[in-house]
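Asks: Chain by chain, the residues:
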Amino acid sequence: MTRHGAFALALLLLPALVTAAHAAPSRIGILLPGQEWMSAVDGLKDGLKDLGYVEGRDILYTMDNANRDQARVAEITRRFMAERVDVLFTITNTALKTVIAVTKAGAPPRVPVVFGSASGPVESGIVPAYATPDTHVTGVTSGSIELVGKRLEILKEVLPDVRRVALIGEREADSSLKAFALAAELAPKLGLSVIELRVAPTEDTMEVARRVTRKEADALFLVPSLKTVGATTQLAAYARSVRLPFIVYQVEHIRKSGALVAYGSSYYLQSRQAAVLVSKILKGASPAQLPIERPRLHHLILNLDTAAEIGVRFSPEILNRADELIGGRRAR
Amino acid sequence: MGHPASRTIRSRLFLVLIVAFGTIVGIAATVWRLSIEPALRLGIARERLQIARRAADQIEQFLERRIAELVEAAELSLLWAEDPRRRRETLVRLLKLAPALQEVSLVGAGGRELYRLSRTAVYTEGDLRHLEDEERFRRPWAGEVYVGEVYHPATAEPHVTIAVPVRLTRRQAAAVLAAEVNLKTLWESISHIKVGRAGMGFVVDRHGLLVAHPDYSKVLMGTKMTRHHEVREFLTSPARDPGLGQIAPGEDGRPSIGTYAVVRRTGWAVIVEEPAAVALAEVRTLERWALVLVLLAVGGVFVMSYRFSRRITRPLGELTRGVERIAEGDLSHRLAIVTGDEVETLARQFNGMAERLQRSYVALEAKIEENTRDLQALYAITTPISGATDLRGVLENALGRIVQVTGVDGAAIQLLDEQHREPALVVLHGLPSFVAPDVVGARWHDSGAAEPVLTASAPDDPASSGLRKAGFASVAFLPLSAGASLFGVMTLASRHPDRLVERERPLLGAIAHQISVAVQNARLYEEARRAMAALEAKNVELDSFVYSVSHDLKAPLVTLHGMTGIVLEDYSAKLDRAGVHYLERIQANVEQMERLIQDLLVLSRVGREGRTAESVNMREVVDDVLAGLGHLAEERGVKVVVRDDAVLRGIRTQIEQVYANLIGNAIKYAGDIATPLVEIGAIDRGEHVECYVRDNGIGIDPSYHQKVFEIFQRLKEIEAEGTGVGLALVKKIVEGAGGRVWVESTRRQGATFRFTWPKG
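In order, the protein sequence lines correspond to chains A and B. When you line the first sequence up against the working numbering, it's residues 466 to 797, in that order. When you line the second sequence up against the working numbering, it's residues 3 to 762, in that order.
Check each hint, because a few of them may be wrong.
Below, computed lysine-lysine pairings styled on DSS-like, alpha-carbon distance capped at 27 Å [what the hints assert, rightly or not]:
no., chain 1, residue 1, chain 2, residue 2
1, B, Lys540, B, Lys576
2, A, Lys569, B, Lys220
3, A, Lys680, A, Lys514
4, B, Lys540, B, Lys670
5, B, Lys220, B, Lys196
6, A, Lys748, B, Lys670
7, A, Lys514, B, Lys220
8, A, Lys721, A, Lys621
9, B, Lys196, B, Lys226
10, B, Lys98, A, Lys621
11, B, Lys98, A, Lys721
12, A, Lys654, B, Lys220
13, A, Lys621, A, Lys569
14, B, Lys196, A, Lys514
15, B, Lys98, A, Lys748
16, B, Lys220, A, Lys510
17, A, Lys721, A, Lys510
18, A, Lys748, B, Lys226
19, A, Lys680, A, Lys654
So the derived label-pair ranges between C-beta atoms look like this [said to hold, decoys possible]:
no., chain 1, residue 1, chain 2, residue 2, range
20, B, Arg55, A, Asp523, 34 to 42 Å
21, B, Leu293, A, Ala750, 52 to 60 Å
22, B, Thr238, A, Lys569, 55 to 63 Å
23, B, Pro257, A, Asp523, 25 to 33 Å
24, B, Arg140, A, Glu782, 30 to 38 Å
If you are wondering where the hints come from, they were derived from the structure by calculation, not from laboratory data. Keep in mind the model is a prediction, meaning the values are calculated, not measured. Glycine included, each C-beta is placed from N, C-alpha and C at the ideal position.
Make the full structure from the sequences, and use the hints.
Replies: Have a look at this one:
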């Protein structure tokens, strides 16, 4: 019996040994553009946990914060490449552009890149198409560039009196450029005029923002870029201080910052969605087989406290239409 | 040790079982594979079909709900036909309440788009379209709900257009409300389809384009599933029910059981599949268990049949052993088999048979013993008889023994005379003399074949009545015959009625036979003795005759010899050559006659010497003989060699005569060969000595080997000097001494005369 027992034991141990041999944990290199996008990291981790990956056993995260510095982005990318991470995870269109450039420059096989959120990689031209993306890049787009028009429309519906909209974005960021172009195209159709605040790389975002007050514009509009999104809270504070309605897009922008209106998706939810893509890549799929996904839902969020603060009243229809209301008492 | 018979029973049983089980298992397996398993697969597929059906229904419901939403919104928007703002609000609310709707548009008469609202895009007045040629307008305008084909816009998500008529009245549509439905929400319901443990489902449109799939990326890629087995089935004949229960390669290539259900509204198919291995896992487990059970059952049956066959083979083995033991002679051996079945019955019968065998054996032994006793009695009776020669004495002796051995009270023998009529000799023992044999003899004489008459079995026989009156209760008359002729009767009488009964017939017959033989022998012996005596007398007569004749013959011969000698001596001058020659011839002949007579005298004297035997040295005798014959040997150039030596017991002169004759013959018959050689020798034959005289002369033809020893026989080949008596003399002497003489020879190869003589 002992002979059989030993044999059975060996048989039982075998898969464990095999899995142990196999289970060198996968390494994810997280390139964080800035602290503001931390929720994306949470989303990724939660998503992977739901899929059964245990941190430490199956997966190891290496995170580095670029602090909105493109040079740092490139540097971190190179480092991750040298370390041969299994997946490079990043957020924002801008960072993604640099990451793609750096990883493309390296020799194959290229590190798979997954973006938890990017405002419009296809629209901004860094990725050719949704369904047949670049060979080593995939992710979940927020569609924010696309939504620029919609947001202007919503702004108009929320605040019918708005005429002049100040768009604040970066002068050099592709996402911003595309957004500016779309806005310029659509605004007239909506009967709006656009004031473009293009922050130069060396300029301070708030400095540029302070150029606009109620005298110049009727609303402040957040355009995707590293600098502007990175300054969302400050911008919201400023907008409140000058009683300018501030429209943002991701829910993270509005939840803590105190902006007035948000229409978009969520870094967290998108990254959770992207975790599925990461998992597929870890299991051996090629990013080329994984089309870029769009967020499941877009939310309309209104901040009643801010509205009260800056003296804005939302119509019942708008209130009905909103998917989420922050603060205030629900007056239905 | 092996019992071949029982081994074959067992192996035959096993063979039968193996064949039977093999056949049963084979049939069962075939039935299983051919009908039960497909039935099970069918069952599984039907169940899967239910799931597919449900999923398809869900999709139907999804579409129906979208349609319902659109219809409701359409009706509402009509209310606000005059109020664009309210109309817009209705549609905006529609978008909010129906997240699946990506875009809605209200189209008026003539296909003119009245309003267009998107979740993500911004449409203004300038973006309104003219849709009068499009299906999405014309069909609903005609009154039916329109569901378009699945398409992927630039964003890759699958969409489908649904358009419903907006009715004011029942008759005619007032407008058309169209919506682009984003099908990505189908992903949720599709990935939640639970198909067994490892199954999944996906949705394809009428062209096999993937609409929903648990792996969303595949949908975004716009994958066409036309190579999938179930998809192909669906595409070839969408209306037909899917062939259920087949195993075909699934999406991942592994054998799967799949089925599909059609979404009626759109003609899409919900395909549900499960790896066959997993779907049939229970079936396979069942199979395995069944196999285990069957094997266990088979094993059990084998074990049981083994045990049971032992029930048969063991008693059989015992039976075999029992038979062997009885065959070896142990008749007391009995089988102890208690199995309570046919084998026990057989064993019991076997024991009965052994019992009978034993009893008959005992009886047989008793009978043999009895017969042996009888034989011994017979021997006891006849042994003394065989030795005796006096007939009366023999018979008296025999009767005495018979009475002693058989236990009868009286016996008598009557021998008939030559004519077989009157008794010539009567010997009685314990019987009165009034026994009347002639009546009995007449009876036998008439009947021819004589058998003992036992009056115990024929109580009214008159011959025995006299004896019966004398008090003898059982009487037997036994015929004494030599061949077919009867020469006497033996009567046995006993006072006990059961002493001479039928059972004793063989013994009595044997006794009668023995007595007959004894009597015959006695008679023959008597005859022989008389003949021998007569012969002896004749021999003596002959010898004396020969003696006197030769003696008488001798005298005139001497005279003849003398006279012719004188004539030759004194008158040869007066005679011519012829005359002298004639006289010489006469003399030679006379000498020959003298020799012959001499030899005859010697012959007649043999046996009359009266000398006693003594030890005689052969060599000495031979040397003496050779001394006498030496000149003869020299004349013919014959070499004589004496090889051996021996001591013989006999009368010296006789031995001399033998050697003289043999050696003389050997020299005489040496013939014309170059180196005549005579060898003389002797071989010790234990009780006697075998002496030989060999020559290498002309030899004697085998046909004459007997004749040469007869008197007056001489070989014609050469003009020998013998009288023809020599070998006859040798024979007489040797045989008189108790030996034997013979010759070994062939023509031209010499002759060896051998004789045996008692050792001294």
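Asks: Are the hints correct? Go through all of them and say.
Replies: Status of the hints after comparison with the structure:
no. : hint                             : in the structure
1   : B:Lys540 to B:Lys576             : violated, 52 Å
2   : A:Lys569 to B:Lys220             : holds, 25 Å
3   : A:Lys680 to A:Lys514             : violated, 50 Å
4   : B:Lys540 to B:Lys670             : violated, 35 Å
5   : B:Lys220 to B:Lys196             : holds, 19 Å
6   : A:Lys748 to B:Lys670             : violated, 136 Å
7   : A:Lys514 to B:Lys220             : holds, 23 Å
8   : A:Lys721 to A:Lys621             : holds, 24 Å
9   : B:Lys196 to B:Lys226             : holds, 23 Å
10  : B:Lys98 to A:Lys621              : holds, 17 Å
11  : B:Lys98 to A:Lys721              : holds, 24 Å
12  : A:Lys654 to B:Lys220             : violated, 37 Å
13  : A:Lys621 to A:Lys569             : violated, 42 Å
14  : B:Lys196 to A:Lys514             : holds, 22 Å
15  : B:Lys98 to A:Lys748              : violated, 37 Å
16  : B:Lys220 to A:Lys510             : holds, 24 Å
17  : A:Lys721 to A:Lys510             : holds, 21 Å
18  : A:Lys748 to B:Lys226             : holds, 23 Å
19  : A:Lys680 to A:Lys654             : holds, 23 Å
20  : B:Arg55 to A:Asp523: 34 to 42 Å  : holds, 38 Å
21  : B:Leu293 to A:Ala750: 52 to 60 Å : violated, 40 Å
22  : B:Thr238 to A:Lys569: 55 to 63 Å : violated, 45 Å
23  : B:Pro257 to A:Asp523: 25 to 33 Å : holds, 31 Å
24  : B:Arg140 to A:Glu782: 30 to 38 Å : holds, 33 Å
Checked against the numbered hints given earlier, the structure breaks hints 1, 3, 4, 6, 12, 13, 15, 21 and 22 and satisfies all the rest.
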